[in-house]
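Each protein sequence line maps, in turn, to chains A, B, C, D and E.
So in the numbering used here, the last one in the first sequence is 198, and the numbering has no gaps at all.
So in the numbering used here, the last one in the second sequence is 447, and the numbering has no gaps at all.
So in the numbering used here, the last one in the third sequence is 210, and the numbering has no gaps at all.
So in the numbering used here, the last one in the fourth sequence is 199, and the numbering has no gaps at all.
So in the numbering used here, the last one in the fifth sequence is 348, and the numbering has no gaps at all.
To be clear, the hints were calculated from the coordinates, so they are not data collected in a lab.
Since the structure is predicted, the reported quantities are computational estimates derived from the model, not experimental observations.
Check the hints yourself; a few may be wrong.
What the hints assert, rightly or not - With a straight-line cut-off of 35 Å between C-alpha atoms, the simulated DSBU-like cross-links for lysine-lysine are: (1) D:K30 x D:K2; (2) B:K21 x B:K441; (3) E:K188 x E:K7; (4) C:K35 x A:K194; (5) B:K239 x B:K433; (6) E:K233 x D:K178; (7) E:K168 x B:K433; (8) E:K188 x C:K4; (9) B:K399 x E:K198; (10) A:K9 x C:K35; (11) B:K399 x C:K208; (12) C:K208 x E:K7; (13) B:K239 x E:K233; (14) E:K66 x C:K35; (15) B:K436 x C:K118; (16) B:K86 x A:K194; (17) C:K118 x D:K178; (18) D:K112 x C:K208; (19) E:K188 x B:K399; (20) C:K35 x B:K441; (21) C:K208 x E:K4; (22) B:K433 x E:K233; (23) D:K2 x D:K70; (24) E:K66 x A:K19; (25) A:K194 x E:K66; (26) A:K95 x A:K194; (27) E:K198 x A:K194; (28) C:K111 x D:K2; (29) E:K233 x B:K21; (30) E:K188 x B:K433.
Stated by the list, open to error - According to the in silico footprint, chain B covers these stretches of chain E (three or more CB under 8 Å from chain B): (31) 17 to 31; (32) 110 to 120; (33) 329 to 343.
We put the beta carbon where it would ideally sit given N, CA and C, even for glycine.
Listed here are the chains, written in short residue letters.
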Amino acid sequence: MSVGKEFTKGLYAENPVFKQALGLCPTLAVSNSVRNAVGMGLAMTFVLVLSNIIVSLIRRFVPRKIRIPIYIVVIATFVTIVDLVMAGFAPDLHKALGIFVPLIVVNCIILGRAEAFAGRNSVFRSLLDGLGMGFGFSLALFVLAFIREILGDGRLYGFPLLGPGFEPMLIMILPPGAFLTIGLLMGLMNWLDKRRCS
Amino acid sequence: MELRLFARRSFRGGVHPPENKSLTEHKPIEILPPPAMVVIPVQQHIGAPGKPIVQVGDTVRVGDRLTEPGGYVSVPVHASISGTVKAIEPRPHPLGTSVLSIVIEGDGQDQWSPEVQEDPNWQQLTAEEIRDRIQMAGLAGMGGAAFPTHVKLSPPPNKPIDTFILNGAECEPYLTADHRLMLEYSEEIVRGMAIMLRILRPKRAIIAIEDNKMDAVRVMREAAGKEGLNCEVVALPVKYPQGAEKQLIKALTGREVPRGGLPMDVGCLVQNVGTARAVYHAVQKRRPVVDRVVTVTGRGVAEPKNVLVRIGSSFAYVLEHCGGLRDGAARVLMGGPMMGIAQFTLDVPVVKGTSGIVVLSQEEVRERREAACIRCGRCVDACPMGLMPTAIYHLVKHKRFDEAQEYGVLDCIECGSCAYVCPAGLPLVHAMKFGKLEVSKRMRAAS
Amino acid sequence: MELKTLLIISVSAIFINNFIFSRFLGLCPYIGVSKALDSAVGMGMAVIFVMTLASSVAWVVDHFLLEPTTSNLFYHLLRLKTPPDLVFLKTIAFILVIASLVQFVEMVIQKTSPALYKALGIYLPLITTNCAILGVTLLNLDMGLNFIGSVVQGFTSGLGFTLALVLMASIRERLELADVPRPMRGIPIAFIMAGLMAIAFLGFSGLKIR
Amino acid sequence: MKDVLRMAWILGVVTVLAAAVLGAVNHVAKPRIEEQRRLALEQALLSALPKADPRAIVPVYEGDEIVYYKGYAQPDTTGLVGYAFVARGAGYSSEIETLVGVDTTGQIIGLKILREVETPGLGTKIEEVRYGEKDPWFQRQFIGKRARQLAVDKDGGEIVSVTGATISSRAVTNSIRKGLEELEKRLGGFSKTAQQVSD
Amino acid sequence: MEDKLWKVSTSPHLSDRESIPRIMWLVAASLAPAGIGAVYFFGARAAWTIFLAVASAIATEAAIQKLRGKPITVHDGSAFVTGLLLAYNLPAEVPFWIPIIGSAFAIALGKQIFGGLGYNPMNPALLGRAFLLASWPTHMTIFRTPPRGGTISGIDVETGATPLNLLKQAQDVLHQAKVAPGEVPAQKISEAMMHISKLYESYGNLFWGKVGGCLGETSVFLLLIGAAFLLYKRYIDLRIPVGYIGSVALLTWAFGGSEGLFTGNPLFHVLAGGLVLGAFFMATDMVTSPITPRGKWIFGIGCGVITVIIRLIGGYPEGVSYSILLMNLTVPLLDRYTKPAIFGARKR
């Protein structure tokens, strides 16, 4: 696979959220505003890239049997770093994301990439894979948040967009809105994929 | 919801289709002349087919045996006209398949076999001899199911029969053959019943008739009294499928035949009135089954009537004697409209189980505009077997036969109540039949 | 803890703040293991079991190892001057606790009850990465619950998860027979269904036990 | 067995390494996090006591617990401008925490909602800032009011509740009134006239 | 006789007259009295709202079926009924786009996305209403138009609320007074008590429909006319409404009072709000209710229990819609575990 593909596959073709249905909890939970979505996306990408790099670096020294616990420790370390840094420098975002920052540890995307990719590929490729997946995740989050914030709040990134006459559709920023939006988006993508194939 | 407070004797579920019996219920049985040709399938019963003992070119008389029973659960067939065997070949059977049949061309003489004559000593016969006579006379249930009568009359010793039921319910719409039979041949029926009671010696004997035939109730009560028969004649509230064995037993005795079981498992035995008369003929008159009463009716028939016809007469022949078909005749059925089988040709013969030939007009035929099931539950309410037809339908449709079996597809009696009430016009019975077939195929493959 | 408080925690965890419909925790198994009722029940039981256990063990770990209080074991063992504040290690500590707990439970069940192992066994490995488990331990910490409160919240959150999972599985089994548009089949329709279920669960919001 | 020991050893090393890294990061981040917390509180206190000097808002303890703050106009803690306290009340779906500032006579001079997780679009309107305005309209109503005026309109008071969110509105209003009354008890009564503050 | 091949088909060859369009249109007809009542009580605005909801439901159904290349079946009346029921669950003065969006949601995401009629797991009209309530709560909870022909001694005009709303508000005030003695002015307490007693005496208003509320839910009398017709036609099964209304009556009697057990006012709770509309016309929706007799009992009682929980301790004054939606979710389980006994399977 070309190096460029290693990066771009995460954006659409193997998008972790839309195509693999992974990392759903934070995707739905923090996509009620674009601000939260961007923050979460960056945090995820950071952890993904760094854990991919470390896992790829140490892949030859780790005994097979305990690789998973070691991956988890590596991931948890980076997650805690993100958690601490965010608490120190972006307290509002930290408050808004709540327990979903520490929960990055159990995000199946990260462990999944470590196990399926970084544990078997070179550092450079793992880095690209991490970046691609991280951006893919962020993109999915952004698309969801974009739709939900505009419809549910009439605003985008906190700025009023649709004017005072628009009556926001509150359900979009409530839990049901998250489920319905991602369901419809996934259906739409399946439909588009099929149309492109035929 | 059923208002159960007032229903005295009944079973769960069931439907009330329009009866349409008035077309023929007052018409006395008309005896049709023997046709010029008959086609007699070697198998007109449930069980092993018989083996032909005649050859092409043989001459036969009425009542001559044409086949050897193919086993214990098998009965022979007999010539119903006198003449020459023209062919022994597969011919269309009203059950929809091709069956080996013996074709006889009539000589117009209507000569009867000398063996067909009253036996003055019939009362001395042992039970074994009576059963033998019944088998060799070719008796198979005349209600439509056509199960060999002698087998039914031989319950295993561990399952004694304590209740004998004579089935005169005739719950199918349109059909009046049993009704007329009871009115016109009550003595013969009662005599046949007495013979069966003699073999079985049950504690209780019941003649069951739906209460839309109160005249028959009266006549049968009288006949039974005259014969000195110790039996009850019970009038049951009209409800389809009252005449189905399990439902009839439930309504009369409150007993439920266990799943996969037979009436004898609850000490009951049910015989149709037509069968009772045939038993009388077979045992006392030594006359095999060569004819039967058939209701020819429906809005597609010019002159609906009840006729006594020779077995093997073609539907076309019978219909011709009923004034032919009207314009707009759309379906020809053997049996009633609820369980009858649609025929694609009129060349099929009348067989022992042919209780009626019903020709429906276009307006009467159920339109099958299939829609989606709206889960209205009418089929669940209607099912006399306590099944969930819609659930089974969906499972069969998606080929999930294991689950269909769990939902009891094998318990279906194909009475058609569910499809009758289905507002979505779903082919529920069709799905049931298919499901039963597949499930039993799998069970056979598994064992 | 007062019985009423525990009741409030339970009702909240099962209905009002249901892990699936309100907190968005445990969605991957919710979507992944809700295709058939039998496996949903198995998964649900496993989650209830592990969640309750994890809640109690995590509370012990937090209380005796991480919190800067006088009950901190490091404070006593290392004879420190002030209790150390190790709360920043909560994520790594909890995830290790859960991972080893799941391993341990798997081993114990395998040894003691083959039948239970057969029923739960295949779901246990999936549970380590079920964010509902880590989620509930972190929530217990955030809400400052004591030991009993944590255990009750762990158990009832598992119940709430199982309720959502079992309802979903039973509905998805029926949707198998439905004429769902092709692109919507599978995961998309499961999400739509989850959204509609979440709408119904809005009915519980604002429930107050007085 | 040797294998197991080796693995345990590796795992142990990795964990200790990770803990060490985190310890280091925590060492750097912790002061910053505490600073952030302090800043947030200070900001809230300033909006509750707008005329106080940021350096001269001092907590008053009762045991280990801060029960209220005193705010002074001058950095040398002279010129008392008022008191601030945290009011807590059970809202629709969360506990609502409000920091409230009053002058020495018990009249509310400022407030800031610290925490609420109410229904988005309904309960959260207690923090709604209308288009073109600067402060939340619901909270603005409290300025200048005293304890006895504090009740939502439905309970016969002067606070107009948020449409469709009576419970949230009531929680804020009642918790503030209760806090005020408690403060009054602690102080042994508010003074009759306001302190003159020289600007 | 001509020699032709006859058409064959499987038995039975007869069917009764029922068909899905017939059932749907007759259900719509049974809802007509309540609709006429709505226009009488709330004015032409009600007719407009009903029209928009129905038109939007039909248009959405037709559009989606066309998009999917499926036969368009709007003539079967099911979309009409959905639109009608949704409109009946709206306040009279909602903006015009509320019924339009609500119906579109109900049909698109409540029904067609599952394949259309027969496959939807939850009641589309109620989903539409719950969706609107979550999206635009203020529009959905303001009842400004007083019904023609009087109100409950005027108290619902000044506050513009439904009887259940008033009851909840009054009970809130009393509860407030109980937990914080002395804080609520005595005049407010006596006013709340007066409201409650007035509400509890308003059976006549509640029965005939002279109360505030959603368009189609107010007149118990007109709803019962339709329900009687449906029962006569056997389109609805008594088990669900009896289980539902019975459990609501029992539970509100037991727990609805303020002076201990069995001091509540069951009749008020049965007549007020959308219970009669819900119990006879929405909980009985064939597609989304259990098919088995025992399942129907459990379903009805479950609806009653949840309704009472929401009414007495929930965040909403009325719980009918949510309770039915929640019980809809249990239907596959109920059907599965309450299969009727197959003939002969019972132990003798």
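For each hint, the structure was consulted:
no.: 1; hint: D:K30 x D:K2; verdict: violated (41 Å)
no.: 2; hint: B:K21 x B:K441; verdict: violated (39 Å)
no.: 3; hint: E:K188 x E:K7; verdict: violated (79 Å)
no.: 4; hint: C:K35 x A:K194; verdict: holds (24 Å)
no.: 5; hint: B:K239 x B:K433; verdict: holds (23 Å)
no.: 6; hint: E:K233 x D:K178; verdict: violated (61 Å)
no.: 7; hint: E:K168 x B:K433; verdict: violated (57 Å)
no.: 8; hint: E:K188 x C:K4; verdict: holds (30 Å)
no.: 9; hint: B:K399 x E:K198; verdict: violated (61 Å)
no.: 10; hint: A:K9 x C:K35; verdict: holds (28 Å)
no.: 11; hint: B:K399 x C:K208; verdict: violated (48 Å)
no.: 12; hint: C:K208 x E:K7; verdict: violated (66 Å)
no.: 13; hint: B:K239 x E:K233; verdict: holds (19 Å)
no.: 14; hint: E:K66 x C:K35; verdict: holds (30 Å)
no.: 15; hint: B:K436 x C:K118; verdict: holds (33 Å)
no.: 16; hint: B:K86 x A:K194; verdict: violated (65 Å)
no.: 17; hint: C:K118 x D:K178; verdict: violated (57 Å)
no.: 18; hint: D:K112 x C:K208; verdict: holds (26 Å)
no.: 19; hint: E:K188 x B:K399; verdict: violated (67 Å)
no.: 20; hint: C:K35 x B:K441; verdict: holds (28 Å)
no.: 21; hint: C:K208 x E:K4; verdict: violated (76 Å)
no.: 22; hint: B:K433 x E:K233; verdict: holds (31 Å)
no.: 23; hint: D:K2 x D:K70; verdict: violated (65 Å)
no.: 24; hint: E:K66 x A:K19; verdict: holds (28 Å)
no.: 25; hint: A:K194 x E:K66; verdict: holds (19 Å)
no.: 26; hint: A:K95 x A:K194; verdict: violated (41 Å)
no.: 27; hint: E:K198 x A:K194; verdict: violated (63 Å)
no.: 28; hint: C:K111 x D:K2; verdict: holds (24 Å)
no.: 29; hint: E:K233 x B:K21; verdict: holds (26 Å)
no.: 30; hint: E:K188 x B:K433; verdict: violated (72 Å)
no.: 31; hint: 17 to 31; verdict: holds (count 5)
no.: 32; hint: 110 to 120; verdict: holds (count 5)
no.: 33; hint: 329 to 343; verdict: holds (count 6)
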